[in-house]
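Working from the sequences, and respecting the hints, build out all of it.
The residues making up each chain are set out below.
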Amino acid sequence: MSDPILFTRDLWVRVHDPNGGGSPIAVVRGANIELQRGATTCLVGESGSGKTVLMRALLGISGARPGVTAGTAWARPDGSEFPVPLVGPRKRWRGRALPSLRPGWAGYVFQHPSHSLDPLLRVGDQVGASVTIAHSGLTPAAVKRRVLHWLETVHLPNPEAVAQLFPHELSGGMAQRVAIAIALATEPDLLVADEPTTGLDWSVRRDIVDLLGELCRARGMSLLLISHDFQVVEHIADQLYVMFRGELVEDGPRRAFFEPGPGSHPYTRELQARSRALEEGSSPPRLHLAEQPTSSGAGCVYAHRCPWIREPSPERSALGERCRSVRPPDFRPSSDHRVRCIAVGEPT
Amino acid sequence: MTLSSLWTQRHRQDQMGPVSVFGFGVLIGLVGLRIAAMFVDSSPRLGLQDEQLLPAMAGPSWDHLLGTDQLGRDLLLRMVDAVEAFFLPGLFACLVAALIAVPTGAIAGYWEGSKGAAVLRGLLTMISAWPRLVLVVVVVAIFTGSVRDPAAWAEVRLYLLGGLVGLSYIPQLGGAVSERVQHFRREQFVEAARAHGLSDRRILLWHILWANCRHLVLRHTCTLFGAFILVETSLSYLGDYGVPPPRPSWGNILAGVRHSVVHSRSLMASSDSWSPAGLWGGVEQAIQHGGLLGVLAPTIAIAVSIAGVLALAEHYARRDRP
Amino acid sequence: MSAQNASSSLVLQAKGLSHRFPGGVAAVNGVDLEIREGEVVGLVGESGSGKTTLGKLLLHIIPPDTGRVAFEGQDLAELSPRERRRTRSRMQMIYQTAAASLNPGLTVGQHLEETVRLHRPEDAHRADALVDETLTAFRLNGKRALHPSQLSGGEQRRVVVARSLLPRPSLLVADEPTAGLDASVKADVIDLLRNARGGRTAFLFISHELDVVRYVADRVLVMYRGRIVECMPAAALDPRDTEVDHHPYTERLLSAAFKATRRVESPMIRPTEDLFKAGCSYRAACHRTEPDDPSWSRCSQHTPDLIPLRAGHRVSCHVVAPSPTEAS
Numbered sequence: 001m002s003d004p005i006l007f008t009r010d011l012w013v014r015v016h017d018p019n020g021g022g023s024p025i026a027v028v029r030g031a032n033i034e035l036q037r038g039a040t041t042c043l044v045g046e047s048g049s050g051k052t053v054l055m056r057a058l059l060g061i062s063g064a065r066p067g068v069t070a071g072t073a074w075a076r077p078d079g080s081e082f083p084v085p086l087v088g089p090r091k092r093w094r095g096r097a098l099p100s101l102r103p104g105w106a107g108y109v110f111q112h113p114s115h116s117l118d119p120l121l122r123v124g125d126q127v128g129a130s131v132t133i134a135h136s137g138l139t140p141a142a143v144k145r146r147v148l149h150w151l152e153t154v155h156l157p158n159p160e161a162v163a164q165l166f167p168h169e170l171s172g173g174m175a176q177r178v179a180i181a182i183a184l185a186t187e188p189d190l191l192v193a194d195e196p197t198t199g200l201d202w203s204v205r206r207d208i209v210d211l212l213g214e215l216c217r218a219r220g221m222s223l224l225l226i227s228h229d230f231q232v233v234e235h236i237a238d239q240l241y242v243m244f245r246g247e248l249v250e251d252g253p254r255r256a257f258f259e260p261g262p263g264s265h266p267y268t269r270e271l272q273a274r275s276r277a278l279e280e281g282s283s284p285p286r287l288h289l290a291e292q293p294t295s296s297g298a299g300c301v302y303a304h305r306c307p308w309i310r311e312p313s314p315e316r317s318a319l320g321e322r323c324r325s326v327r328p329p330d331f332r333p334s335s336d337h338r339v340r341c342i343a344v345g346e347p348t
Numbered sequence: 001m002t003l004s005s006l007w008t009q010r011h012r013q014d015q016m017g018p019v020s021v022f023g024f025g026v027l028i029g030l031v032g033l034r035i036a037a038m039f040v041d042s043s044p045r046l047g048l049q050d051e052q053l054l055p056a057m058a059g060p061s062w063d064h065l066l067g068t069d070q071l072g073r074d075l076l077l078r079m080v081d082a083v084e085a086f087f088l089p090g091l092f093a094c095l096v097a098a099l100i101a102v103p104t105g106a107i108a109g110y111w112e113g114s115k116g117a118a119v120l121r122g123l124l125t126m127i128s129a130w131p132r133l134v135l136v137v138v139v140v141a142i143f144t145g146s147v148r149d150p151a152a153w154a155e156v157r158l159y160l161l162g163g164l165v166g167l168s169y170i171p172q173l174g175g176a177v178s179e180r181v182q183h184f185r186r187e188q189f190v191e192a193a194r195a196h197g198l199s200d201r202r203i204l205l206w207h208i209l210w211a212n213c214r215h216l217v218l219r220h221t222c223t224l225f226g227a228f229i230l231v232e233t234s235l236s237y238l239g240d241y242g243v244p245p246p247r248p249s250w251g252n253i254l255a256g257v258r259h260s261v262v263h264s265r266s267l268m269a270s271s272d273s274w275s276p277a278g279l280w281g282g283v284e285q286a287i288q289h290g291g292l293l294g295v296l297a298p299t300i301a302i303a304v305s306i307a308g309v310l311a312l313a314e315h316y317a318r319r320d321r322p
Numbered sequence: 001m002s003a004q005n006a007s008s009s010l011v012l013q014a015k016g017l018s019h020r021f022p023g024g025v026a027a028v029n030g031v032d033l034e035i036r037e038g039e040v041v042g043l044v045g046e047s048g049s050g051k052t053t054l055g056k057l058l059l060h061i062i063p064p065d066t067g068r069v070a071f072e073g074q075d076l077a078e079l080s081p082r083e084r085r086r087t088r089s090r091m092q093m094i095y096q097t098a099a100a101s102l103n104p105g106l107t108v109g110q111h112l113e114e115t116v117r118l119h120r121p122e123d124a125h126r127a128d129a130l131v132d133e134t135l136t137a138f139r140l141n142g143k144r145a146l147h148p149s150q151l152s153g154g155e156q157r158r159v160v161v162a163r164s165l166l167p168r169p170s171l172l173v174a175d176e177p178t179a180g181l182d183a184s185v186k187a188d189v190i191d192l193l194r195n196a197r198g199g200r201t202a203f204l205f206i207s208h209e210l211d212v213v214r215y216v217a218d219r220v221l222v223m224y225r226g227r228i229v230e231c232m233p234a235a236a237l238d239p240r241d242t243e244v245d246h247h248p249y250t251e252r253l254l255s256a257a258f259k260a261t262r263r264v265e266s267p268m269i270r271p272t273e274d275l276f277k278a279g280c281s282y283r284a285a286c287h288r289t290e291p292d293d294p295s296w297s298r299c300s301q302h303t304p305d306l307i308p309l310r311a312g313h314r315v316s317c318h319v320v321a322p323s324p325t326e327a328s
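Protein chains in written order, with the working numbering: chain Z, 1 to 348; chain H, 1 to 322; chain L, 1 to 328.
Derived from the structure by calculation, the hints contain no laboratory data.
On a predicted model such as this, the values are computed, not experimentally measured, just so you know.
One should not assume that every hint holds.
[Claimed, not checked] Heads up, simulated EDC-like pairs for lysine to aspartate or glutamate below, C-alpha to C-alpha not over 16 Å straight-line:
no., chain 1, residue 1, chain 2, residue 2
1, L, K259, Z, D207
2, L, K259, Z, E34
3, L, K277, L, E243
4, L, K259, Z, E280
5, L, K259, Z, D3
[Unchecked claim] Label-pair restraints from in silico Cβ distances:
no., chain 1, residue 1, chain 2, residue 2, range
6, Z, N158, L, T261, 27 to 37 Å
7, L, P121, H, H183, 49 to 59 Å
8, Z, S282, L, E122, 46 to 56 Å
9, H, A141, L, P104, 46 to 56 Å
10, H, H183, Z, H149, 54 to 64 Å
11, L, E243, Z, S282, 15 to 25 Å
12, L, R200, Z, S282, 17 to 27 Å
13, L, Q74, H, S114, 27 to 37 Å
14, Z, D125, L, E34, 46 to 56 Å
15, L, A137, Z, G79, 51 to 61 Å
16, L, D123, Z, D125, 45 to 55 Å
[To be verified] Covered, in the sense of this in silico footprint (three residues per stretch, anywhere, with C-beta under 8 Å from a C-beta of chain L), are these stretches of chain H:
no., region
17, 154-168
18, 187-194
For glycine and all other residues, C-beta sits at the position ideal for the given N, C-alpha and C.
Following this line, the structure appears as structure tokens:
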């Protein structure tokens with residue numbers, strides 16, 4: 001029944017110290033991700049948790065930083081498996097006749113459309129460049145037809161006029177729609193949106209998220225949405241992965257997160273409480289950012305911030321030491337729901 | 001150990017690299033030599049009242065580590081003493097350049113668009129339009145011609161040279177400062193500082209010049225100091241307008257010794273036919289005679305000093321990130 | 001707003017503030033505004049609505065073209081530059097981009113020491129200890145000798161907040177103090193702002209995030225293209241409450257919340273006509289009126305006033321809040 005379009009097995013990304021000193025820093029630690037075909041998967045976590053690094057690694061986009069990866073990632077755009085060339089060890093694939101992925105099989109939408117659009121090119125030409133990736137050898141008229149089609153698909157009014165504009169003439173929301181049109185023009189099987197609403201007005205945030213969801217439903221496209229905003233996630237996600245300091249601490253289907261049921265990870269609870277507090281205008285939970293994480297790397301990654309350790313209830317009082325020293329095992333409340341937490345695994 | 005720890009890594013560049021170590025090493029060396037030069041007196045003797053004249057062009061020995069020059073003076077002492085010729089005048093050049101160029105550039109940059117700034121900018125352009133090095137030589141020549149005893153005025157002439165080289169550097173330094181100030185003036189932190197209640201004077205002096213331009217100025221003064229060493233030793237080597245011969249300068253030491261070496265080489269060339277053995281013999285002879293060391297020592301000293309000062313300039317350039 | 005608040009003294013009073021830039025990009029058009037002691041006023045609107053410009057006009061960082069600003073009873077335009085600088089210790093501003101409003105060449109400690117020397121001369125003798133106390137209060141221990149670029153986004157923001165609260169201002173204009181921050185860090189900065197002021201500092205809290213503003217503010221102003229179009233108690237800014245009438249623009253903003261019960265499509269046209277022309281500036285994008293409606297001539301010819309709907313709630317819209325003279 002499982003039909004992933006992209007999956008990883010124990011993916012690690014280590015980033016080299018730019019000055020060569022010390023061992024590489026593990027930014028992603030043993031990620032197992034499965035993006036189901038036609039579903040919306042959300043990767044949630046705060047900045048610095050390694051979300052973007054993970055996304056770049058598993059799509060084989062070499063980032064600005066040199067990375068070392070271990071583990072495997074496989075893409076199945078049309079049922080047959082392709083290895084994703086991971087950022088680091090390209091050499092491993094050299095010399096083998098590898099089936100290569102169709103260029104443009106995945107499309108990207110980044111935060112701050114102003115950064116991803118070329119300021120010197122007209123909108124139409126940028127979408128056109130993307131069109132020719134999917135279809136080479138089109139006549140200019142055919143390209144133009146497709147450009148207008150894609151601009152219309154993202155609900156831009158008067159596509160003819162918009163195609164003639166330069167990016168600086170667009171509002172933030174329009175620019176992000178153009179960025180989505182560019183991503184769509186390669187006719188991708190997978191759309192990746194990395195924080196697509198940050199840097200945009202609050203008022204167009206929902207428009208963009210709704211548009212992404214609608215496009216994916218209509219085209220049977222899979223969507224990977226990376227966000228730190230639980231409100232966005234709650235709105236759109238089918239499947240969730242929660243990331244904290246390089247580790248996927250929890251994953252599961254939508255109902256595991258938004259319906260009452262067996263416990264979720266304390267970090268997920270923190271995120272949820274915070275987003276709910278803003279919605280209801282109540283005071284958000286106090287954040288204990290001051291405490292530094294232990295450097296040893298042993299124990300739970302969330303231990304330094306975990307409210308259950310900080311203010312232990314009588315039945316959980318014995319947990320603190322174990323959480324700090326023992327790497328928590330995966331606990332599965334149901335077959336498709338996984339939580340990496342000792343306390344959740346041992347209900348009191 | 002998340003990505004946030006990478007934040008700090010950009011700043012590891014601030015640690016001293018080999019270039020910085022070399023630069024500061026040379027600087028400390030030069031300062032040490034300048035202090036030593038105060039206790040060394042090698043020039044006025046000239047064998048006048050000294051009964052025990054040393055042999056001329058002697059090779060290195062324990063008494064005279066670098067041997068002697070063509071007049072039998074200890075080469076090491078003269079090398080040390082020669083630092084006097086460029087050290088303080090060089091600093092004077094830097095001082096003149098900085099004292100004039102920094103305020104000029106700062107005002108021209110900060111009050112960009114005002115009348116005063118336009119005048120200052122015009123001034124900088126005018127100075128930069130002159131053929132500066134020629135002008136320096138001409139002014140020094142006129143000065144030399146107008147005093148009765150040029151040798152007695154040699155010290156003044158060195159400072160004059162320093163001042164002129166410093167003046168000639170003003171357009172470069174002033175331009176760099178004004179460009180930098182102009183750039184920072186438009187930054188948001190300047191508006192934020194003003195909104196915070198700071199005066200323009202404080203913003204310009206502390207927030208822009210001190211916090212963001214000091215490395216730039218240091219970098220340029222180091223370059224200028226290097227340039228002055230080159231100008232002084234070159235003029236002294238050429239003769240007339242540099243350090244007059246009884247006083248040592250790396251330039252005139254080189255000039256004097258070179259003359260003797262060329263002379264002896266031409267003798268050797270006439271006596272021997274060109275053969276590898278003959279050439280090696282000539283080199284050996286030159287070392288023993290102190291000629292080669294006499295050429296090498298000032299050449300290396302000039303090269304190392306300038307390279308060191310430029311390394312220091314590089315050190316500040318790396319620290320200087322707008 | 002409590003009765004005690006209403007009687008407390010005005011910190012800031014602005015009348016008829018207008019400003020236009022040479023290009024006419026972001027401008028402010030005839031804004032009246034009063035801020036009382038210790039009050040938190042939220043200012044919401046989309047980018048380009050003139051929120052930031054209004055904040056700067058209020059503090060005389062940009063002198064207004066027309067209109068007057070009185071801060072604690074003193075007309076700011078009448079002060080000499082020196083006196084105005086001195087007044088700045090009681091009115092502070094937090095800029096939107098924390099990274100850009102800190103000097104890249106100075107350390108965190110140098111920033112704060114400067115503030116103590118400048119704005120709290122009476123504490124200058126214990127500047128060092130005071131800076132350390134402040135750093136502890138803002139959880140920046142150990143960051144004193146670091147440069148801004150060595151800090152994370154949240155830490156930079158906390159430095160900026162610390163610097164603007166150190167002079168103990170009576171008014172703080174906070175321009176998008178949470179923009180670009182993670183949800184968790186955002187809540188953290190808001191809490192610092194709320195707690196650190198000790199209830200005595202009045203805030204103008206500028207943001208485009210309605211949920212944040214509702215949480216922070218006592219009273220909310222909605223700005224559209226240089227005008228205040230609505231003024232209401234913060235509790236009225238609830239996307240799930242359909243009972244309360246709002247300006248059509250506010251309605252649209254509220255409908256953008258994920259939990260909103262009504263949905264108003266945002267038009268993707270950029271209004272091009274002159275901001276200073278007569279007529280409602282929102283009419284071209286308005287979903288409450290059409291050019292075919294009989295009321296259209298009123299919307300296009302008369303600029304609506306802020307009409308009270310109920311206590312503390314005023315709306316500038318011919319449709320939602322017709323002026324009493326017209327209604328009669």
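Hint check results:
With a C-alpha separation of about 13 Å, the suggested pair K259(L) and D207(Z) falls inside the 16 Å cut-off, and the hint holds. Between the alpha carbons of K259(L) and E34(Z) the distance comes to roughly 29 Å, so the proposed pair goes past 16 Å and is violated. Between K277(L) and E243(L), the direct Cα distance comes to roughly 33 Å. Violation of the 16 Å bound is thereby established for this hinted pair. Taking the CA atoms of K259(L) and E280(Z), the gap is near 10 Å; set against the 16 Å cutoff, the hint holds.
Distance hint between K259(L) and D3(Z) is unfulfilled; the C-alpha atoms sit about 32 Å from each other, more than 16 Å. Between N158(Z) and T261(L), the C-beta spacing of about 31 Å keeps the proposed range 27 to 37 Å intact. Restraint check, P121(L) to H183(H): a C-beta distance of roughly 32 Å breaks the suggested window 49 to 59 Å. Taking 46 to 56 Å as the suggested C-beta distance range, the pair S282(Z) and E122(L) does not conform, at roughly 39 Å.
For the hinted restraint 46 to 56 Å between A141(H) and P104(L), the CB-CB distance of approximately 47 Å keeps it satisfied. Distance hint for H183(H) and H149(Z): a CB-CB separation of about 45 Å, inconsistent with the stated range 54 to 64 Å. Distance hint check: the CB atoms of E243(L) and S282(Z) are about 21 Å apart, consistent with the given range 15 to 25 Å. One distance hint, 17 to 27 Å for the beta-carbon pair R200(L) and S282(Z), holds here, with the actual separation near 24 Å.
With their beta carbons about 29 Å apart, Q74(L) and S114(H) fall inside the hinted range of 27 to 37 Å. A hinted range of 46 to 56 Å for the beta carbons of D125(Z) and E34(L) is consistent with their spacing of about 51 Å. Judged by the Cβ atoms, the range 51 to 61 Å given for A137(L) and G79(Z) holds: they are separated by roughly 59 Å. For the hinted restraint 45 to 55 Å between D123(L) and D125(Z), the CB-CB distance of approximately 60 Å leaves it violated.
With a threshold of 8 Å between beta carbons, the proposed coverage of the region 154-168 of chain H by chain L is violated, since 0 of its residues qualify and at least three are required. With 7 residues having a beta carbon nearer than 8 Å to a beta carbon of chain L, the region 187-194 of chain H meets the requirement of three or more and the stated coverage holds.
Checked against the numbered hints given earlier, the structure breaks hints 2, 3, 5, 7, 8, 10, 16, 17 and satisfies all the rest.
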